[in-house]
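Visitor: First to last, the protein sequences are chains X and W.
Residue 1 is where the first sequence starts when you use full-length UniProt numbering, and the numbers rise one by one after that.
Residue 1 is where the second sequence starts when you use full-length UniProt numbering, and the numbers rise one by one after that.
No lab work stands behind these hints, which were simulated from the structure alone.
Note that the structure is a prediction, hence the values are computed from the model and not measured.
Any given hint might turn out to be false.
Because identical chains share one entry, a pair is satisfied inside a single copy or across any pair of copies.
Distance condition first, Cα-Cα at most 20 Å in a straight line; then the derived SDA-like pairs of lysine to any residue [unchecked claim]:
1) Lys123 / Gln228
2) Lys38 / Lys126
3) Lys139 / Asn116
4) Lys54 / Glu148
5) Lys53 / Phe37
6) Lys139 / Gln198
7) Lys53 / Pro128
8) Lys195 / Arg93
There are 2 protein chains.
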Amino acid sequence: MASLTIFADRKSQPSRAILIFCKVNGIEFEEVKMDLFKGDHLTAEYEAINPMKKVPAIAHGDFTLFESHAILIYLACCYNVSEHWYPTDLRTRAKLHAIMDWHHTNLRQGAAGYINTTVVAPKLGKPPNPEGAAECERKLIASFSTIETMWLKNDASFLLARDQPSIADLSLVCEIMQLEILSMEERNRMIRPYKKIQKWVERVKNATNPYFDEIHQLLYEIVASSKQQEA
Amino acid sequence: MASLTIFADRKSQPSRAILIFCKVNGIEFEEVKMDLFKGDHLTAEYEAINPMKKVPAIAHGDFTLFESHAILIYLACCYNVSEHWYPTDLRTRAKLHAIMDWHHTNLRQGAAGYINTTVVAPKLGKPPNPEGAAECERKLIASFSTIETMWLKNDASFLLARDQPSIADLSLVCEIMQLEILSMEERNRMIRPYKKIQKWVERVKNATNPYFDEIHQLLYEIVASSKQQEA
Numbered sequence: 001m002a003s004l005t006i007f008a009d010r011k012s013q014p015s016r017a018i019l020i021f022c023k024v025n026g027i028e029f030e031e032v033k034m035d036l037f038k039g040d041h042l043t044a045e046y047e048a049i050n051p052m053k054k055v056p057a058i059a060h061g062d063f064t065l066f067e068s069h070a071i072l073i074y075l076a077c078c079y080n081v082s083e084h085w086y087p088t089d090l091r092t093r094a095k096l097h098a099i100m101d102w103h104h105t106n107l108r109q110g111a112a113g114y115i116n117t118t119v120v121a122p123k124l125g126k127p128p129n130p131e132g133a134a135e136c137e138r139k140l141i142a143s144f145s146t147i148e149t150m151w152l153k154n155d156a157s158f159l160l161a162r163d164q165p166s167i168a169d170l171s172l173v174c175e176i177m178q179l180e181i182l183s184m185e186e187r188n189r190m191i192r193p194y195k196k197i198q199k200w201v202e203r204v205k206n207a208t209n210p211y212f213d214e215i216h217q218l219l220y221e222i223v224a225s226s227k228q229q230e231a
Numbered sequence: 001m002a003s004l005t006i007f008a009d010r011k012s013q014p015s016r017a018i019l020i021f022c023k024v025n026g027i028e029f030e031e032v033k034m035d036l037f038k039g040d041h042l043t044a045e046y047e048a049i050n051p052m053k054k055v056p057a058i059a060h061g062d063f064t065l066f067e068s069h070a071i072l073i074y075l076a077c078c079y080n081v082s083e084h085w086y087p088t089d090l091r092t093r094a095k096l097h098a099i100m101d102w103h104h105t106n107l108r109q110g111a112a113g114y115i116n117t118t119v120v121a122p123k124l125g126k127p128p129n130p131e132g133a134a135e136c137e138r139k140l141i142a143s144f145s146t147i148e149t150m151w152l153k154n155d156a157s158f159l160l161a162r163d164q165p166s167i168a169d170l171s172l173v174c175e176i177m178q179l180e181i182l183s184m185e186e187r188n189r190m191i192r193p194y195k196k197i198q199k200w201v202e203r204v205k206n207a208t209n210p211y212f213d214e215i216h217q218l219l220y221e222i223v224a225s226s227k228q229q230e231a
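Isolated chain X, as found in the complex:
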């Protein structure tokens, strides 16, 4: 098997999903730690790996790939991972594809959009954009509601009422974890009404630990340090 290199910034939610997936499944890889704040993704060297200049990306021998969902599917098919991650049943697989497609323009736009608007943009000196933030929050709340009513119905453990997690669970939960960097008040306002979402996040965490916490360690440290600065 060709050697696998993962170009990832653990501050990035799709980067974390891929790292956790590989660790949980015993897939050997070399992690190239990219720091987006230092512009590691903007070098000519990295552009040869991922012309989109984004993380994550992988190199598997001489084969390179970007887009985290495409990477998760590729790795699930290449390596001998448990079937629940990317089920072979056509209809289950189709429903998971639909959730991952939906994610791009719903949960991700809401969550990443809110953080970019309220945390990242001000640090880059951009003017406040309360309408933009409100629009992202509406999208995020609507996404939580969709996940609960459609894919975590009844007492579902994981998406589509499955009893083990899939790559879609991992991708969506890593996105939701990014909300940790918001203030407690903001995060509670958004997520507190969604009890099924909270339980589901815990379940994905438990199903993938100790790797989930290991890969999220950097995020936890950033959160702790910013709370200390606030206090």
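Use these hints to put chain W onto chain X, whose structure you have.
Guide: Relative to the frame of chain X, chain W by itself:
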């Protein structure tokens, strides 16, 4: 085989991609014509098929599915379609997944976003939004540039230098066709510099005709009628 129903509005680019795909591949289906302008997607009856209240969606026996890329993949796997539409080679398939993931937040946001901002929003009585339109146009132009430099390199016939079209070619080209409803001046400004894109659109059209033109007939008629009104 269970019977297939496609809920589609031919004014919608992902609806057209699915209809063309089925016709080209001799997949039998019943088309339920939805009119988004009349709110056909907002009925309780349709919500049972697609709770997202969007088109397209399919019902295959008692199995329902939304998100056009997930539908195209599902149909390609269920029916005996030519392998070039959704190649079995893992790496080729992964690259096509990446293009389709990329599409959601790039070409689609640019093209559909521009049309929504400049054509749909004014019809709904919303105020002009020149900054929004300019942002969408930037995204669209950047997407054209990415497609040409990454996936239509050299004298490529289809995406990834393949000699036959894939579901990604069909999805992206149907998106680009939507620009027909803009004024000639606007469309030329955007697409004229991109000769490879123009040739590729023609190739996908030729590879899927007479069905491509048949399914686009409604769009052509809307364009002709609005040109007549202008004149």
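Visitor: Against this structure, judge whether each hint is valid.
Guide: Hints, one by one, checked against the model:
For a Cα distance limit of 20 Å, the shortest separation of Lys123 from Gln228 inside one copy, 18 Å, qualifies, whereas the shortest one across copies, 51 Å, does not. Taking identical chains as interchangeable, the C-alpha atoms of Lys38 and Lys126 lie at most 20 Å apart only when both belong to the same chain, with a minimum of 19 Å there against 41 Å between chains. In the homo-oligomer, the alpha carbons of Lys139 and Asn116 lie at most 20 Å apart both inside one protomer (14 Å) and across protomers (18 Å), since each shortest distance falls under that limit. Within a single copy, Lys54 and Glu148 get their C-alpha atoms only as close as 30 Å, which misses the 20 Å cut-off; across copies the closest is 19 Å, which meets it.
Proximity of Lys53 and Phe37 under a CA criterion of 20 Å is satisfied intra-copy only: 13 Å inside one chain copy versus 39 Å between copies. In this assembly of identical chains, Lys139 and Gln198 lie within 20 Å of each other by CA distance solely inside one copy; the values are 18 Å within and 35 Å between copies. Taking the shortest alpha-carbon separations for Lys53 and Pro128, neither the intra-copy value of 26 Å nor the inter-copy value of 33 Å comes in at or below 20 Å. Taking the closest pair of Cα atoms, Lys195 and Arg93 never come within 20 Å of each other, the shortest separation being 26 Å inside a single copy and 37 Å across copies.
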